[in-house]
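Following the hints, complete the assembly by docking chain B onto the known chain A.
Sequences listed follow chains A and B, in order.
So that you can map any letter, position 121 of the first sequence is 121 in the working numbering, and since no number is skipped, the others follow by simple counting.
So that you can map any letter, position 38 of the second sequence is 38 in the working numbering, and since no number is skipped, the others follow by simple counting.
What the hints contain is simulated information worked out from the structure, not anything from laboratory work.
No experiment lies behind these values; they were computed from the predicted model shown.
Check the hints yourself; a few may be wrong.
[Claimed, not checked] DSSO-like, lysine-lysine: derived pairs with alpha carbons at most 27 Å apart:
{"no.": "1", "chain 1": "A", "residue 1": "K160", "chain 2": "B", "residue 2": "K124"}
{"no.": "2", "chain 1": "A", "residue 1": "K4", "chain 2": "A", "residue 2": "K303"}
{"no.": "3", "chain 1": "A", "residue 1": "K160", "chain 2": "B", "residue 2": "K24"}
{"no.": "4", "chain 1": "A", "residue 1": "K259", "chain 2": "A", "residue 2": "K37"}
{"no.": "5", "chain 1": "B", "residue 1": "K24", "chain 2": "A", "residue 2": "K198"}
{"no.": "6", "chain 1": "B", "residue 1": "K124", "chain 2": "A", "residue 2": "K55"}
{"no.": "7", "chain 1": "A", "residue 1": "K294", "chain 2": "A", "residue 2": "K259"}
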Amino acid sequence: MTGKRLGQFTVQFSRPPRIVGAFTLMGPREGEGPLGKYFDAIVDDYMWGEYQPEKAERKYLEHAARRALGRAGLTEDDVDYFVAGDLMNQIVSSTFSARSLGIPHIGVFAACATSTLGLGLAAMLVDGGFARRVLVATASHYQSVERQYRYPIELNVQHKPTNQWTATGGAAAVVAAEGDGPRISQATFGRVMDWGVKDVNHMGAAMAPAATDTLLRHFQDTNTTPADYDLILTGDLARYGSKLFRELADRVGVTLGAKHMDAGASMYSPEQPSGAGASGAVCSAAVVYGYVLKEMARGRFNKVLALATGCLHNALTSQQGDSCPGVCHAVVIENG
Amino acid sequence: MDRDQTAIEGARDYARLVQQFAPKPNVARLVGRAFLVGGSICLAGQFVFDFFRQRQPTEVEAIALTLATMISVGVLLTALGVYDDLGELGGMGAAVPITGFANTMAAAAIDFRREGLVLGMASKMFIIAGPVIVYGIVAGILTGLAASLLRLVSGGG
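Just chain A, with the same shape it has in the complex:
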């Protein structure tokens, strides 16, 4: 063992790989939100000229992936693996994008936690000497997600305040052994936690225990506290999930305070009705690869703990009476 494991759940990279390029490409609603200016491009038509939203989602993912390569000054040949996942059955947005990219594809599924799972895995591949560079990408589209998990778009559904709105867009980043950019120093992959939340309209509640578990394990393994980070960013907990997360964290002796920000709760403004906030695989990815990286480049944040969360139900499990398990994957990104 070369001593890369830290405690029970965390890995520490001996030569932390760098995020040398990233690109976020979002839909109009996301562009009009409070973080709009941090996204690299906004598509003014959700469907992007496509007839089916699944095809549009694929386009968002592939486009973000290519532009991220461009930002890093690389081509497909320079990259050893394409680690990508999304919310579609059989992760087709990722696999079909991989088809045109031609990079060996490592498909992953962690629902809305794909962003940090991807970064962590990419960092492992690079730090372990298995890859020079890895391209990480994800995407989601409100229409394709509604069709697969919930209802036809024009159906008269009265949404609950705990429902979330799936963010539309694609986000990608390139992780490399050398180059300019912040480094990924540690990763803590989470256990799947299920505390019996059967209400699919309250994903925040389903994911909060997983977020707390990963957060706690990370702090225990690294012997750190919130004070050691400039930002603790969670994925899609949104308004009510965040409240539960903070309460649970409090109960295990972790006080987050103003350091905590949730991607889902920050994507839309109060004037944009979206229930409890945003969700979707691209939500945390856009905030990490867009907002966080740009603010780190400015020096506003120097050490960030990013914990994306995912709700692991599917359309059938809830109909069959199962509760919704959650998972949370964390990475530490730091300047220097």
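Just chain B, lined up with the frame of chain A:
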């Protein structure tokens, strides 16, 4: 340290915690909106019926024309992307009238048209409306059976 899931305290009363932090809906406002939206649709239906009743020989024709009109309105508003907003506002007030039923079929048809006319649209058009049709018919059968039994028992013909 054990890997037991309950290592974070409070796992057992999580349901209670979720309830505690859940938003409390303003029931009065929701009911009021449902009443206004549903009532308005029904009022409109009444006007349509009165209009046709004056021009049709019997009530049956007037009813048929009213239903056709209201269903068309439901489909049109769905196609215009308006009916889902009405549903967001009025909840059951928009879902219960026949316009709501029309919306379920039109919405499904529009959505699944993307997978073609046969396997997509035609196959999945009833995906939301199905239970209404099935259980409506079942309820009708059971009621009819009960009525017949009652008539039999009470000695009538």
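Hint-by-hint comparison with the structure:
{"no.": "1", "hint": "K160(A) to K124(B)", "in the structure": "holds, 25 Å"}
{"no.": "2", "hint": "K4(A) to K303(A)", "in the structure": "holds, 20 Å"}
{"no.": "3", "hint": "K160(A) to K24(B)", "in the structure": "holds, 10 Å"}
{"no.": "4", "hint": "K259(A) to K37(A)", "in the structure": "holds, 22 Å"}
{"no.": "5", "hint": "K24(B) to K198(A)", "in the structure": "holds, 19 Å"}
{"no.": "6", "hint": "K124(B) to K55(A)", "in the structure": "holds, 20 Å"}
{"no.": "7", "hint": "K294(A) to K259(A)", "in the structure": "holds, 17 Å"}
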